[in-house]
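Enquirer: Mind docking chain S on chain C? Use the hints.
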Amino acid sequence: SQELEQSPQSLIVQEGKNLTINCTSSKTLYGLYWYKQKYGEGLIFLMMLQKGGEEKSHEKITAKLDEKKQQSSLHITASQPSHAGIYLCGALLGGANSKLTFGKGITLSVRP
Amino acid sequence: EPEVTQTPSHQVTQMGQEVILRCVPISNHLYFYWYRQILGQKVEFLVSFYNNEISEKSEIFDDQFSVERPDGSNFTLKIRSTKLEDSAMYFCASRARGELFFGEGSRLTVL
Numbered sequence: 003s004q005e006l007e008q009s010p011q012s013l014i015v016q017e018g019k020n021l022t023i024n025c026t027s028s029k030t031l032y033g034l035y036w037y038k039q040k041y042g043e044g045l046i047f048l049m050m051l052q053k054g055g056e057e058k059s060h061e062k063i064t065a066k067l068d069e070k071k072q073q074s075s076l077h078i079t080a081s082q083p084s085h086a087g088i089y090l091c092g093a094l095l096g097g098a099n100s101k102l103t104f105g106k107g108i109t110l111s112v113r114p
Numbered sequence: 002e003p004e005v006t007q008t009p010s011h012q013v014t015q016m017g018q019e020v021i022l023r024c025v026p027i028s029n030h031l032y033f034y035w036y037r038q039i040l041g042q043k044v045e046f047l048v049s050f051y052n053n054e055i056s057e058k059s060e061i062f063d064d065q066f067s068v069e070r071p072d073g074s075n076f077t078l079k080i081r082s083t084k085l086e087d088s089a090m091y092f093c094a095s096r097a098r099g100e101l102f103f104g105e106g107s108r109l110t111v112l
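Heads up: the sequence lines are chains C and S, in that order.
The numbering of the first sequence is my numbering, which starts it at 3 and goes up by one.
The numbering of the second sequence is my numbering, which starts it at 2 and goes up by one.
Mixed in with the good hints there might be a few duds.
One-sided and incomplete, this derived list gives chain C residues near chain S with beta-carbon spacing under 8 Å [claimed, not checked]:
1. Y32
2. Y35
3. L45
Calculated lysine-lysine pairs in the DSS-like style (CA-CA distance at most 30 Å, straight line) [as the list claims (entries may be wrong)]:
4. C/K40 / S/K58
5. S/K43 / C/K53
6. S/K43 / C/K70
7. C/K106 / S/K79
8. S/K43 / C/K38
9. C/K71 / S/K43
10. C/K29 / C/K58
11. C/K71 / C/K53
12. S/K84 / C/K29
13. C/K40 / C/K71
14. S/K79 / C/K40
15. S/K43 / C/K29
16. C/K38 / S/K79
17. S/K84 / C/K40
18. C/K29 / C/K66
19. S/K58 / C/K38
20. C/K106 / S/K84
21. C/K58 / S/K84
Coverage of chain C stretches by chain S, computed from C-beta distances (three or more under 8 Å per stretch; other residues unrestricted) [claimed, not checked]:
22. 47-61
23. 94-106
Read the hints as simulated data drawn from the structure, not as lab findings.
From a predicted model like this one, the values you see are computed outputs, not experimental measurements.
All C-beta atoms in this analysis are idealised placements derived from N, C-alpha and C, irrespective of residue type, glycine included.
Here chain C stands alone, though its shape is the one from the complex:
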């Protein structure tokens, strides 16, 4: 089984709708990172969460960390076509200075 499970695998939403995607770890989280990627391109850093209950926002994107559930959610408010892409979560599973382990990613499409 995967150490990091992302759900759903893919998502299609109408422009203007809100959406939430999740990242669940089978191990203790020492840090959780969210990135956005266009297919075949680089990883764009979105947010990093380190403490249980931490919540961060940037523009219309909000990420939360539930340490007890070993889970993070990413919420997009009023989605736009520019939000389309692959959302990757990466986690520090071996300690605060360990490598980042990635999930498979969630493909988000936004219909105009």
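Expert: Frame of chain C; chain S shown alone:
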């Protein structure tokens, strides 16, 4: 805004040839990483580098791979004898204490 830069952006090579991928991490960062992503698949960890030595490496990072920080600014990944299955996007990343930033990647195509 500081960024991680990688060169070349794309390299095509023949099987068996040596390849060197270069990275310039963000200047005050202490931890450096190489990851790879085969098209359509997960981002996979290769190696981490701290204090001028390898701190962790994956099973993928076998004897054909090596890393160097030759001059205090560049961070290189060498593949000695490329195989077809080495075709992938290779990402360099650097971190100070928290945020981990990735470069745009070097696409390697092995023919």
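Enquirer: Any CB of chain S closer than 8 Å to the CB of C/L45?
Expert: For C/L45, the interface hint holds, since the closest Cβ of chain S sits about 4 Å away, which is under 8 Å.
Enquirer: Hint check: is the beta carbon of C/Y32 less than 8 Å from a beta carbon of chain S?
Expert: Hint on C/Y32: violated, closest Cβ of chain S at ~11 Å, above 8 Å.
Enquirer: Are the Cα positions of C/K38 and S/K79 separated by 30 Å at most?
Expert: holds (27 Å)
Enquirer: Straight-line Cα separation of S/K84 and C/K29 no greater than 30 Å?
Expert: violated (34 Å)
Enquirer: Checking one constraint from the list: CA of C/K71 to CA of S/K43, max 30 Å. Satisfied?
Expert: holds (23 Å)
Enquirer: Between S/K43 and C/K70, does the CA-CA distance stay at or below 30 Å?
Expert: holds (26 Å)
Enquirer: Measure nothing beyond the straight line between the CA atoms of S/K58 and C/K38; if it is 30 Å or shorter, mark the hint as holding.
Expert: With a Cα-Cα distance of about 25 Å, the restraint between S/K58 and C/K38 holds, given a limit of 30 Å.
Enquirer: Take a quick look at whether S/K43 and C/K53 sit within 30 Å of each other, Cα to Cα.
Expert: Answer holds: S/K43 to C/K53 is near 26 Å, not above 30 Å.
Enquirer: Quick one: see if chain S covers the stretch 94-106 of chain C, three-plus residues with Cβ-Cβ under 8 Å.
Expert: Result for this restraint: holds, n = 8.
Enquirer: Minimum Cβ distance from C/Y35 to chain S below 8 Å?
Expert: Holds: closest Cβ of chain S sits about 6 Å from C/Y35, inside 8 Å.
Enquirer: Does C/K53 sit within 30 Å of C/K71, going by the straight-line distance between their CA atoms?
Expert: Holds: C/K71 and C/K53 sit about 13 Å apart, inside 30 Å.
Enquirer: Take a quick look at whether C/K29 and C/K66 sit within 30 Å of each other, Cα to Cα.
Expert: holds (17 Å)
Checked against the numbered hints given earlier, this structure breaks hints 1, 12, 21; the rest are met.
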